[in-house]
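Asks: Which chain is which? The protein sequence lines are A and B, in order. Here the numbering used here is used: the first residue of the first sequence is 1, the next is one more, and so on. Here the numbering used here is used: the first residue of the second sequence is 1001, the next is one more, and so on.
Among these hints, one or two may not hold up.
Just some of the chain B residues that point at chain A, by a computed CB distance under 7 Å [to be verified]:
id, residue
1, GLN1003
2, ASN1134
3, ARG1245
4, LEU1252
5, ILE1280
6, LEU1282
Keep in mind that the hints were calculated from the coordinates and are not lab data. Ideal Cβ positions, reconstructed from N, Cα and C, are used throughout, including at glycine.
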Amino acid sequence: MKESSNPFTYAPAPESRELVSIESSYDLFIDGKFIAPKSKKRFPSINPATEEVLSKISLGGKEDLDLAVKSARRAYEKVWSKLPGKERGKYLYRIARLMQERAREFAVLETLDNGKPIRETRDTDIPLAIQHFFYHAGWADKLEYAGHGSNPRAHGVVGQIIPWNFPLLMLAWKVAPALATGNTVVLKPAETTSLTALLFAQVCLDAGLPAGVINIVTGDGTTGASLIAHKGIDKFAFTGSTEVGKAINRALAATGRPVTLELGGKGANIVFEDAAIDQAVEGIVQGIFFNQGHVCCAGSRLLLQENIHDHFIEKLERRIEKIRVGDPMDKNTDLGAINSKEQLQKIVELTQSGEVEGAKAWQPDCALPSRGFWFRPTIFTNVTGAHRIAREEIFGPVLSVLTFRTPQEAIEKANNTPYGLAAGVWSEKGSRILWASRELKAGVIWANTYNKFDAASPFGGYKESGWGREGGRHGLLPYLTQSQTPRVRSGKGARK
Amino acid sequence: MSQERIDVKKTYKLFINGAFPRSESGRSYPIFRKASKVLLAQPAQASRKDLRDAVRAAREARSKWQSATSYNRSQILYRIAEMMEGRRSQFVEEIMAQTSATKSVAEKEVSESIDLWVWYAGWCDKIGQISGANNPINGPFYNFTSPEPVGVVGVFAEPDFPLLGLVRAMAPALVGGNTVVVLASEKRPLSAITLSEVIATSDVPAGVINILTGLRSELTPWLASHMEVDGLDISGEKSRSAEIRTLATENLKRIADFNTSISPNRILALMDQKTIWHPIGL
Chain A
1 MKESSNPFTY
11 APAPESRELV
21 SIESSYDLFI
31 DGKFIAPKSK
41 KRFPSINPAT
51 EEVLSKISLG
61 GKEDLDLAVK
71 SARRAYEKVW
81 SKLPGKERGK
91 YLYRIARLMQ
101 ERAREFAVLE
111 TLDNGKPIRE
121 TRDTDIPLAI
131 QHFFYHAGWA
141 DKLEYAGHGS
151 NPRAHGVVGQ
161 IIPWNFPLLM
171 LAWKVAPALA
181 TGNTVVLKPA
191 ETTSLTALLF
201 AQVCLDAGLP
211 AGVINIVTGD
221 GTTGASLIAH
231 KGIDKFAFTG
241 STEVGKAINR
251 ALAATGRPVT
261 LELGGKGANI
271 VFEDAAIDQA
281 VEGIVQGIFF
291 NQGHVCCAGS
301 RLLLQENIHD
311 HFIEKLERRI
321 EKIRVGDPMD
331 KNTDLGAINS
341 KEQLQKIVEL
351 TQSGEVEGAK
361 AWQPDCALPS
371 RGFWFRPTIF
381 TNVTGAHRIA
391 REEIFGPVLS
401 VLTFRTPQEA
411 IEKANNTPYG
421 LAAGVWSEKG
431 SRILWASREL
441 KAGVIWANTY
451 NKFDAASPFG
461 GYKESGWGRE
471 GGRHGLLPYL
481 TQSQTPRVRS
491 GKGARK
Chain B
1001 MSQERIDVKK
1011 TYKLFINGAF
1021 PRSESGRSYP
1031 IFRKASKVLL
1041 AQPAQASRKD
1051 LRDAVRAARE
1061 ARSKWQSATS
1071 YNRSQILYRI
1081 AEMMEGRRSQ
1091 FVEEIMAQTS
1101 ATKSVAEKEV
1111 SESIDLWVWY
1121 AGWCDKIGQI
1131 SGANNPINGP
1141 FYNFTSPEPV
1151 GVVGVFAEPD
1161 FPLLGLVRAM
1171 APALVGGNTV
1181 VVLASEKRPL
1191 SAITLSEVIA
1201 TSDVPAGVIN
1211 ILTGLRSELT
1221 PWLASHMEVD
1231 GLDISGEKSR
1241 SAEIRTLATE
1251 NLKRIADFNT
1261 SISPNRILAL
1271 MDQKTIWHPI
1281 GL
C-alpha cells in the first residue's frame, strides 16, 4: 500500500532539535573540570541517521587516564570514603532530580547521537537512567543490609567501560551503584556515543558532586585498553561484546582484581502452542526490534512450536509491515538508525551468511532514508541451529526463526548456545512457564513479556554472557567487599 | 599352631561416576608415613583422561542433583555426616599417618569435618531464602530473583588438612546444586579416598561427586581450562592462583577464592542469580 493512499498514515511529528545545544568540541571531564586531552587528539561524533558531524570528542590517552585515576583516588581517600552514606545518597538524589529536570534535553541529545527513536529515549532510556540514580541513592545509607555483612567496604577506584546501545542508561547502571557503595569512578563511554555522558558531567557539576568522584574519559578502543591496563584501578566493570569481555578477563585474570562483565547474548524467545498469539507477536516484535536490535538481551532466536509456525509467521509479517522505520527524531518512529557504519556492515555480512547457508529471508517493503545507516527489519525462516545467524550475535533488527515439537526440545535448542543472558517464554499455562523458566540457562527470563528493565531488578548473564548483576540488591554486591570477621574454624594456615 | 593374622590392606583408587576405578594410565604414586621413608600407600595417579571422564560424569549428573528438591539434597549431605561418624577411627588414623597430628588434633579435625557437613547440609533449603528476592518493580509485574547452580565445579582441596581441607572446599559447591570434580591433596590424599567410600554409601547420585588423586602439576591445567567445567573453587590452591585464573578465562568460569572461613557467600560464589518477570493483570 502506498503511504499516500493509506488513511492511517501518520503525519510527521518531529521533536525539536532546539532543545539541545551541542558544542563544536568537548574536553575530558577530570577532577571536576573539563580539560583538553593531553593526547591532543579528537575525533568526530556523528549522527548515524544523517551522517552529520555533531561534535569533536577528545581521545583520552594514557596520560589523561593517569590524571583521571589520580583524581579518583584522591577523591576516594580525601572525600568520598569519609562521607557518611546518607550524605553520599543526597548527592545521588540531587543528580536524579537534575536529570529529571533536563530529561527532554537528554532524550533529544541521545537520539541525535545514537540514532535510536526519540520515543525510546524519552520513554525508556532516560526515565530508567534516572530511576537507577534514585533507587541507588536510597541504598547509600543501608549498605549493611546489602548482603556483605554489617560493615561492607567499597573497593576504591572503579574503572568502567560502557557500550553505545544505551549510552546514558548504561552509564547509570554503572555509575549509580558504584557511587552509592562509596567507590569513585573513571568511566569510558563508547566511541560513537559520548554526548549524553558529557552532559551528565555537567549535571554532576551542577549537583556539587565533589571533584574527582566521577571522571569521564572519552575515547576509542585504545583508551579502553589503557584503562584496563591501568594499575591504579581496584575494580572493573564492562558492558559490551563477549569477545572484548573475554580479552579484558584474560588481561585481568592473573591480577585477581575483580571485574564485572555484562556481555553478549543470543536470547531465545519460545512460543508454545497455547500462547496468546497476538500478545506473543507483539512481544516478539518488542524483543527483537526494540532499539534496532542493538540489545544484548534481544530475543534474536524465535522458537515456535511447529504446529503454530505458519500462522504465527503470517501474523508476525503483517505486524512488521506496520513498523515505521526512519527519522529517529520523529515521535512516531519505531525503528531508527543503525548506530554506525561498522555495525551496519556486520549486520549485512551476517544476514548474507544466512541466505548463503540456506535460510529464507523476509523484509517488509519500507522506504529507507537516503543518508545515514539503515537496515530493514528482517525475519529468517528455515533456520537450523547450525546456521551462523542462529549462533552468532547479530546485534541488529534480524530475527532467526526455529521450530520445536516438544517442550523438552524447545529447552534443549534454547540452551544450545554459549550465551545465557536472557530468554522469553510465551504460554498461558502457569506450570509450563515456571518449568521452562527453571530449565532455561539465562540470567533473565521474561515470561509473557520481553525486554523489560527496572532499577530494582537484577540483570546479568549465565555462562559466556558474563557475571555479576546490575540492578537490585544483587547489583550492589560486586561493588562491595566483606570486611566483617567471618566465622573461622580452626585448622587455619599450613601444617608441617 | 597359633599364627599372627595378616591384615588385609586397602587399595586406594579414584572415585568417578560412583565407581572406584584405578587410573586408566595404570599409574600410582607413593605416599609416605608422615615425613618418613616408610611407604604408607600407593594411590592412583590420575591422568588427563581420568579427569575428562570425571568431568563427563559430573556433567551428566547435573540434572539429577539439580532437580532433586533442596530438602532431599539437604538430607543426602546430612547422611554423609552420619556415615562419617561411623568411620571416625579410620579417619583419625589416616590423618595421623599422613600428618604430624596427634590423636587429639586428628580427632578434632574429624569432628569439625563432620560438623561442617551438618552446617552446610542445612543451607540447601535456606540459601535461596537469604539470597533470593521479590523485587518491587515500577510497573505491573511479578519479578523475583533466585540463585541457581553454575553447573560443574572443579574443586581444589587444601593441601595440608587432608579431611577438613577437603570438606571445606567441596561442600559449598554441592549445597548450591553443583556437581563436582575434586582434586584431592596431592601429598595427603588418603582421607579423600576414604571419604569417597563414605559418599558412595550416602545416597549421593553417581557422578555428583568425583574425586581424583594425583599430581596437581599434571591435572590442574586441564581442570582449569576444561570447557565443560563452569566454575572453580581455588581456595585450596593459593600457590597457582594466577595460572588457574588465566586458564579459566576462555569460557568465563566462575571463580571462588576464599580463606579458610566458612560462609554462605562461599555457596553463592558458585551460583548465578536468575530473575524472572511475569505481567500482572486480569
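Asks: Of the hints stated earlier, which fail here?
Replies: Numbers 1, 2, 5, 6 - these are the hints that the structure violates, sorted from lowest upward.
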